[in-house]
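A.B. asks: Residue numbers (full-length UniProt numbering), protein chains in the order written: chain A, 1 to 950; chain B, 1 to 162; chain C, 1 to 505; chain D, 1 to 89; chain E, 1 to 137; chain F, 1 to 115.
Hints listed in this document are in silico derivations from the structure and should not be mistaken for laboratory results.
Check before you lean on any hint, since a few could be wrong.
No farther apart than 30 Å at their CA atoms in a straight line, the calculated lysine-lysine pairs in the BS3-like style are these [unchecked claim]: (1) C:K435 x A:K91; (2) A:K527 x C:K191; (3) A:K345 x A:K172.
Far from chain A, by Cβ distances over 12 Å, these chain E residues were calculated [what the hints assert, rightly or not]: (4) A5; (5) I10; (6) L63; (7) T80; (8) P82; (9) M87; (10) R97; (11) G99; (12) R113; (13) A125.
Nothing here was measured: the structure is a model prediction, and the numbers come from that model.
The beta carbon of each residue, even a glycine, is placed where N, CA and C say it ideally should be.
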Amino acid sequence: MAVVLLMAARRASRQVHVGIAAACSAGGLAVLLVQAGPVLSGRTATVRLPWIPTLGLDVSLWLDPLALLFAGLILSIGLLVVVYAHGYLGKTEPTARFLSFLMLFQGAMVGIALSSNVLLMLVFWELTSLASFLLIGFWRDQADARQGARMALTITGGGGLALIAGMVLLGKAAGSYDLATILARADLVQASALYPAILILILVGAFTKSAQFPFHFWLPHAMAAPTPVSAYLHSATMVKAGVFLLARLWPVLAGTDWWFFVVTSVGLTTMLFGAGVALFRHDLKAILAYSTISQLGLMVMLLGFGTGAAVAAAIFHILNHAAFKAALFMHAGIVDHETGTRDIKRLGGLAAIMPLTATLGVLAAAAMAGLPPLGGFISKEMMLEQSAHTSWHGQALLVPVLATIAAMLSAAYSLRYAVALHFGARRTGAVAAPHDPGALLLAPPAILGVIALALGILPMTLAGPLVAAATAAVTGGAAPHLHLALWHGLNPALFMSLGAVAIAILLLWLYPAAAASVARLPSPDAKQMFDRALATSVDALRRLSGVIHRASLQRYLAVLFVTALALAGEAAWRFGVAAGARATTPASPVAVVAWAALIVATAAVLAVDRRRYLALVFISVIGLVMALAFIHLSAPDLALTQIAVEVVTILLMLLALHLLPGNPPRLSAVSRRVRDGAIALCGGLGSGWLAWAVMTRPERAGISRFHWNNSYSGGGGTNVVNVTLVDFRAFDTLGEITVLGIAGLTIFALLEPAAHGVAGRRLREWRSKDRFSPERHPMMFVMATRLLLPLALLVGMYIFLRGHNQPGGGFIAALVFSIAILLQYLASGFDWTDVRRRISEHQLIGMGVLIAVATGLGSLVFGAPFLTSSFDHVHLPLIGEFELATAMLFDLGVALVVVGAVMMALAQLAHVAQRAAKQDPAEQDGAKQDSTKQDSTKQGSAKQGREERS
Amino acid sequence: MKNLLPHPGLSAMLLIVWLLMANSITVGGLVLGAVFALVLPKFTQPFWPDRPRMRFGRPFLGYLAIVLFDIVVANFQVAWLILFRRNRDLRARWLVVPIDLTTPEAITMLAGTISLTPGTVSSDVSADGRFLLVHGLDVADEVAEVARIKSRYETRLQRIFA
Amino acid sequence: MVAPIVVPAVTAPITLRLMRRHRGAALAISLGACVAMLVTAVVLFAAAQDDAIRSYALGNWPAPFGIVLVADRLAVAMLVLAAVLGTVVLGHAVVTGADRRGWHFHPLFHFQLMGLNGAFLTGDLFNLFVFFEVLLIASYGLMLHGQGALRLKTGVAYVVVNIVGSALFLIALGLLYGLTSTLNMADLAVKVAALGAQDQGLLRVAGLLLMAVFALKAAVVPLHLWLPRTYAATMPVVAALFAIMTKVGVYAMIRTVPLIFGARAGAAAWVPAPYLLPAAMLGAAIGFAGVLTARGMREQAAFAVLASTGTLLMPVALWQEAALAAALYYLLQAVLAGAALFLVADVTMRRRGQYADAIVPSPRFAQQDAAGLLYLLAAIAAVGLPPLAGFVGKLLILDASFAAPGWPAVWATILATTMIGVVGFSRSGSTLFWKATPQVEGEALVEPIASTRRSRAEFIAPATLLALLAALTIAAGWVTMQTGATAAQIMAPERYVAAVLGAGR
Amino acid sequence: MIAVTLHVATAGIALALLLNLWRLLRGPALGDRIVALDTMVINAIALIVLIGMIGGRDTYFEAALLLAMVGFVSTIAYCKFILRGDIVE
Amino acid sequence: MTLVADIIVIVLLLLGAGFALIGSWGLVRLPTTMERLHGPTKATTLGLGALLVASVVHAQARLGVWTAHELLISLFLFITAPISANMIAKVHLHRARVGTVDEPEGIAGPPPRPSGDGDWATFEAPRRDTPASTANS
Amino acid sequence: MSLEFLVASAIAALVAGGIYLALRGRTFQVVLGLTLLSYAVNLFLFAIGRLVVDRPPLWAKGVTDHADPLPQALVLTAIVITFGMTALTVILSLRSFLESGSDQVDGVAEPEDAA
């Protein structure tokens, strides 16, 4: 909601933005506080809205103590961060965008805390990753911000994906995605064979989010974000989502050896590693980032212990850490803001000039170091106490010792932060006289610092009930005896703690030497490795993809053919394709001769493939044989169509051939030709065999029997093929003429602009190498076509009218019409014929489709389905019986479209070169204008051209 | 009348062709054919701008008969040539036929006739339209052959295209 | 029921005639027709809610002898999808003036829709072929719209490949007819189940060839090679419409396999089964890898389409009801997301001048933030992150494919490819919209293509698509209920057969 | 008797077709090939007529008619291509 | 009557097929393009003509119907065949004049020039206002 | 030899030729290849209705012996569609050549593609 508001108020002032955001946080917090009482007394508030019932994904929220703790944390720190951000961000920064991202994040985070459906939790989980991506990359001009954002998204998002798998599996194992149900079915889950997978996947998700070793490296780079973001996301809240998740699922996942080993080890390692690295960083935020990693490790380790007390410690530490770390980040931000640097080596003695800031810093750092009387001390004590009781794989000392070392290291870096920054020689970075910032910047960390202090002094009052209840919620049982206090007596933890602090001070004293030696160590930069790995793999993939997807039609086709062959081959190999038992028909000598002609012509087409003109001649032969074959095999309609189409196709090809370059060299190498030959051979044999197998099978009585029987009685025609086309399957024909019409339109669209631009220039420059006869319109030919035109039209009419009963029909008639007109073009040239033509092709196509559709619609008027035909035998005086069928009207539509499309194709192609030649002067003008305008002039002139013609 | 029936000859021809195609003479076919015979010439009129007047009477029929007869005879002659004349004895010649016909229609008809009778193929017209290039498969006497063409065909055509 | 085919068939010629003289009226008719189609589709959709399968005998010839249109849940859902997409894309084309960059955009567009609708509705295999051709040839025209050398030469490959595909279609069709002597899909289902042992081999050949054709249209690996360059070379607004084209291939598979090549089809039972799953996985992998490696936004979107097809086919390949339901949901959102990506690419490249859609940093351009936001959302949808529907779709797929054969591989592929996609989109997005090269002194400001019309209206269409995606997410419960019912209908082919052929058979 | 003659005639035309094919393949001149193609068309017409006579039906007449009418168009087009390059000018 | 018709049919059939065959044989046998051009004219004229007449007679005798539409085939062929021959001859002339390798001069040698100052239309564009050009005005 | 064999082998030859030509590198060859393929497909689709000599599908009372009309109708539709596609391909490849100056199928400048 806040996001929407902020978007709406983008233009408003900063104060308004901040106000909206703060109000949201505060409002949420208020709601939470109202609920807090009942929740802590054991009544869990729930909300449930159905969302995707089939998936088991509901918008179900609950507010148990753990959720309360977390949501409270998120909202309260969020509120402070918003206030802080108001002071932090410069006047020119787009606060609205920033705050809307922040609110998006806050909402998602609260969502994680409150979800009581694991799938819903996943939704929020990934949303936090996204929001974090946007926030880290907020200063988009900085390279490290962009890279940091991408890396964070990659790691946490990727972990989120693992989490998805884990959660869905978890749901599957538990039989529900409802969290309460899952939590109650721990035994079921842990007994499941999927348990290890679930555990690992969920842990990967949690660890990536919480920056656990070895997924930690994104976190320091996320510090490229504005400091409020770092404070909020990368210390107080988002990174704790992983910890929260572990706590949330603790009842169902914890308690096994797997859990203990993995979680404890990873936590421990991270704690140590982070602390160690933090000590030797010089960037304030880097120090804090690594310390965060370390502290997160601590919490994870505690959760891994698997005991209630450890959980309590973890939860208390969450609180503490949130308080002091957010305070520290804000502090670092203040220092940065005021001095212009975050390099600890360039800073020092700030206590004198920025007393308030310094006080704050020292206080928070002390909490981090685990010094009494701050909250950090208590939680650290609890941690050490717990680790003292933990034996790792039989090694009783391992965990406590390492934990102590880690505590020592963290004390050391905390002290270094506090001391090096505020005391000693004055070094003020880029600014000569920095000073304490205004209240807006100072107040939020101050509040946090106070809380950190208060948590130490009055732990039971402030946090006791909450921690206890939350712990109970985590462990699913009654809270263990919880006693939060600074003084626990002289227990091992105290000694460990003391030792740690002592060594830490010692270490700090020795720091320069140690730092020098560490600096000499090779330090693998995770970011570089990450970037390089990514870049390398992208390059490799790109090369691979380039190879696979090379623009090569030959390859596309080869793959297609091979795939089809392989698939067909598989079927034939597994099940066999045998010839059937139908008696074959003996072949007459004529058939054999025709067959031979076809085979020879096909071979000839291949043999002369680059002498294209000859190839075309042989294609003609094939077409002729096809027509003969159709005649012989009882298909007169097909023969007619074949003859007519053949002529038009040849004309078309010759027109195109004229504009193509002369005898080209061979393109492909021998090996390629052999390969293609093999594919072709397999394809040929395969298809031939399939045809053979089908033809030798006895035919079944199929739907065509019906067509035969109903052709005359129901369709009103004796030519069953034609009746099928215009009646039984008229819908096919409608589609078919649409195809032709579209082809015509597309051809027009292709050729209309061809006279311009590059193509036009090429056309104008085109000169054939051949010498041509000067005679353009041979007299005899011209005269013959004059006579043929009316004759051909008459024949076309005849074929059209009788098509319903005898071979023929609209399509063939249309081709005859077209050929008749094309003959005029051939004989007398384009211009001569074009002025005598009465109708434009566009109109023909449009009218044809409309007539055909209208015929079909006509039947709707009479309440019959689309395309229902009707016919009648009309008796006219004198003329005799006369048949009228609506199907003929449909056929008329067919004919119009065909004539239109054919004429469009050939006529356009025929005069494209001439048009290009005429275009020449116009092009000169056009060249001066810019591209946009040229576009429109092209359109304009083309339009004009057409209008002049029509 | 002229407007309604711009080319009576063509119309008649179309009607005949229509009846032939329909392969039967019925009233319905006749009417339909007549309609087409009237409509199509009008529709195609622009494609044949200045058609010469032709006489379809006796001269035309006589010409037709002569041509058909010549075709049959020539067929046998040429068949003989193809079957039994050796290639090197073939007296293939170019004939240049001067023509007095003036309309392209008439010239075309002459050339077509020449081509249709086996043994001679009209190959080209001169650029000024006054000579016809004819290829003869076996010509004993060029002058006589040219004269035969002119007298047998051209004079008759001149009468048709008066 | 015939209206979704007739409306565009009438509109196309009308716009053809009007566009030259009365552009305004033609535009109104064009857009109005789209809306009318949408309304019709919704009406049909509402009618299909009673779970009855309606058939419409064209020409009043009873099935299986004539051609029937069949409106079941699947068909009407696809109709609605096509109509929605068509309306939005057409609106965008008009707003950006893309329709004026060549000839005959509107007629071709409507013919394309006609082809799509016909393919969705028809219950006849040969008629399916015809409508495939209609939509293909219209797509050739649209693909070449705007022209230019690259588009033309890519177009050659696209056209030729598809023509060969059509030839294969005819061969498969012929085989089926030769075996069964029928073309009606319902009748085919009956006849195929009754084939004898000696015909099994041929039947399987026919089935596999048919699947190869559909796979070619759907751009299933390894028959996908033509897609990336074709879509990348197409005008983005056209490519946005094409987002549904590959899904037509998927639709054809979903339509034919359970019906004709279902459990009773002998050797051809679940005919693509052994190959589709690995191919789909490879497709998802290659697609998202392409998202990562793409050099231009359109290429990236093309690969995203490829990836979505792959992802979508994984559950389809399991041929189980729940998985199919998940797949259908994913299909809906994938179409919208793919289209959104292309439209965002369009609005972006219109503003980036000579940088066009190349994924390289450019100087700041107008309305960069808005474009960036749209890109972000589209990418989220395409890659399948919350909160948009892609995530829900993937969750559904994961959930539904659990325990199916090979589910770990499916899961691994889906999650890993999502990861690659996230990396890819985040890289390109931050490069495109965050990184900026400084404006070089003296160099002219980035010259946008459409300098005159850089209106905010251009954002409406992609935003609408994204809003639809959001709606798809919010209403996911209802939608999944729909897809569930659809899947149940698909997996019960006997109901389809009974509805088409009549109960008596 | 007529049936036998019909088949003999058909065989004759078939032989003629073969001869045409030979000339078509052989060339050598382009003109030769075009002539061969043209003759093939004419022989095909003859064949169609004969097939019609053998079957005793009229159905194939249109095919023969059409071939007679448009068969020469491609011949002309081939010629025009050689003569002028552009067949429609 | 039937016998007479039968005999007529048989004779016509043999005649037609024979001429078609001879025409094609001529096409194979004759030495150069121009001579070969004479072959098909036989097939088109007498060859097909005889066959068509045979068909007419046959239909009358056997089926008892008068059909005449076969004659149309001949009509069209009579219109189109000379044009084909003319064009092919033009191709030959043109290619021979241009000097294409595989286009040898025929037995008759190169064509003589028409008397007067012009040339054949294949070599020289038809002049204005002559029959050779007015056809296309 | 039976007619069935002749038709099947003719289909085989046409398909083989078509595939081979379609895999060549020049647009015109590809177009020729597609033409051959479409012949083959038409013949195949036609042959699917089984071969019947001289019994055309023209209805007459009492006639039951006839060729299957449906495949013929399908082939007719296919021929028309193929014609449209061929025309489009021819013109598209021509236009592509005009635009790029190369008639190589992918518009690659020559010489290329020796692999």
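A.B. asks: Hint compliance check: list the failing hint numbers for this structure, sorted ascending.
C.D. replies: 2, 3, 7, 8, 9, 10, 11 and 13
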